[in-house]
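Colleague: Below, each chain spelled out in residue letters.
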Amino acid sequence: MEPTTAHKEHAELADVFNKDEARVDWHDETLWWVRQKRDKMAWSLPEWEDLRETASRIKFNVLGNLHDYLLEFERNAQLNGATVHWAADAKEHNEIVLKLLKEQGVQRMVKSKSMLTEECHLNPFLAEHGIEVIDTDLGERIVQLAKEPPSHIVLPCIHKKKEEIGDLFHIHLGTPAGNADPKFLTAAARLHLRKEFIQSRVAITGVNFAVAETGEMVVCTNEGNADMGAHLADVHIACMGIEKIIPQRRHLGVFLRLLARSATGQPITTYSSHFRKPGAGRQLHIVLVDNGRSRQLGREEFRNSLKCIRCGACMNTCPVYRRSGGHSYHNAVAGPIGAILAPNLDMKENADLPFASTLCGSCSNVCPVKINIHEQLYKWRQVIVQEGYAKTSKKASMQMMNMVLTRPAVFKTAGGVGRWVMRHFPGVVNNGMNPWYKQREMPEAPKESFADWYKKNKQ
Amino acid sequence: MKVGLFIPCYIDQFYPQVGIATLSLLEKLGCEVVYPQGQTCCGQPMANSGFEHLTGGCNELFVKNFADFDYIVSPSGSCTLHIKDHLHVHDKEDAATHIRQHIYELSEFLTDVLQVKHLSARFPYKVGIHQSCHGQRGLHLSQMTELVAAPYSKPQQLLQMVEGLELIELSRKDECCGFGGTFCVFEEAVSVKMGKDRVADHEKHGAEYITGNDVSCLMHLEGILKRQQSKVKVLHIAEILNAAF
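Each protein sequence line maps, in turn, to chains A and B.
Going by the UniProt record's numbering, the first residue of the first sequence is number 1, and it counts up by one from there.
Going by the UniProt record's numbering, the first residue of the second sequence is number 1, and it counts up by one from there.
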């Protein structure tokens, strides 16, 4: 029986995205512009490639000693007065957060950007328990109002045009119909979010870096929304994947220089906020989440994927991502990095993602921590087929291909017959059944193969 | 110097003129070239689809055909890279290693091994180079735009030796064309869109010909150009370097 998934596959979703070519062009050009900004910033640092190598090695060290660094972090965080929680998976994470919120008796609270909470589907979980989460990152708030998941880890609403945002704000925030002025809309969002910030007694944030030697966390934003939430609330809950650890504070000098340059082409994020101790009479909770990370750590060929600092550079450079949109990846983290992380979370559901690539290798070479993304895509393909998630039709065609290609005489005959058919009955291949022919002409079929020519002229 | 000519399956079947130009060029440059009959495919279409475990037969055939040459040369960056990265045969590992270390894509063989400094070729047209990804990012035939590193390009170095040829600049120097092996049919929509965008970049900058080191990418671009009834044509780099128009 064919494996079935809960959602449509990447190719099908990408096909739908491509029905509106002008929009694809706009999406592609918008993200290419970000890639170009990244290039400019990278070239402004002569030591760029050394920085990438250094970052990659620091993370290599972290992954090799994760157990010790996590305990060191926990110890220091506790000394700072924080409460540390350990969550084995998404379910535990969500339950820990729910318990903390119930203790505080809140029904509404603010959250700054956290791809981890997206990965754990925290918002819908809390909604089921009657708690409303207000995402305070502007892009995230926009997709939240649109009842959509983020389509990009750094630029959550990059798939939305300003006019569509104007319409959303008109419906949800009461801005005048037809007003799509970004400045005006941002001001409206600011007023709306300010009310939420002031009322919220609990704030959830993500974590970009957690420093083992000090027990502090660094959260990077451009909008200051993490700070606003955490400073106004009585309780700050910081949720982080266990791979976010860095050994020492001085290592921030490497990662903070790489992160924003790679992500958006800025020298640094507007806010790089260090959270160390809870304020007087306040609480700081840190939730350390595994959710498949230690399993990935145990997969030698895929371990390096845990070096990711979630900059999104691989998405901006990916020619497939730019032309298929983040939602076609049906996973919290889209694009090339998502395609090597997702099969670890659910191989059956995400078996299509490693194939949504031409293996062009651009991703691996923009990656600030030098993850060999395209090589891992290739390796996931092998694993997925070995584990039995290839379609029967694909299996059959590959076995047929193997049969022909390992028998030179069969190859020669099949090639000759095939070309003869193409010359005399082109309709056999030039038809709607052939996906090549849909928008491309077939190559001309010559009478003679190279082998035939060589035999006649050179032997 | 004994050179084994590896002509990938789809070139053998659909673009014999590329094989002929490659052979002619290598012979003009003084190489003793042999094309072993009975060769088929490097196995990449299966391997990239997740079926690397089925490529044992192709690997054995490849080693059988090419173990006895000083160098193996192929007019394809992608197939060359596949052999370099993945050719292993259990009981013939020495021969496989020799092949992996001595297989060259045509233009790097010309610039690095033969160290060609001039060519007697003439091609008085405006030409755009399509940098195929596996040749560029895999074999390092040219510098990629992702890295902060000094630019170079082996194909460009060779094309600049051709009389009358004018190279055009592109807005996106090294974006993938979307061929991607079986990607071109399994992800048809994105594949075609990527190809259309590449073609448009070359057309916008006045290319009369698009050239490159991989016929697979060029076949994809040609399919799109022909469907659009464009005047722009594709030629493999061997055809231009061997040209005496």
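To be clear, the hints were calculated from the coordinates, so they are not data collected in a lab.
Heads up, a few of these hints could be off.
Calculated cross-link-like contacts (lysine-lysine; reagent style DSSO-like; alpha-carbon spacing at most 30 Å) [as the list claims (entries may be wrong)]: (1) B/Lys92 to A/Lys455; (2) A/Lys438 to B/Lys92; (3) B/Lys204 to A/Lys438; (4) A/Lys147 to A/Lys183.
Colleague: Check whether the Cα positions of A/Lys147 and A/Lys183 lie no farther apart than 30 Å.
Modeller: holds (23 Å)
Colleague: Please work out if B/Lys204 and A/Lys438 have their alpha carbons no farther apart than 30 Å.
Modeller: holds (24 Å)
Colleague: Quickly compare the C-alpha distance for A/Lys438 and B/Lys92 to 30 Å and report which way the hint goes.
Modeller: violated (43 Å)
Colleague: Assess, step by step, whether the Cα of B/Lys92 is no farther than 30 Å from the Cα of A/Lys455, and give holds or violated.
Modeller: holds (28 Å)
Hint 2 from the earlier list is the only one contradicted by this structure; the remaining hints agree with it.
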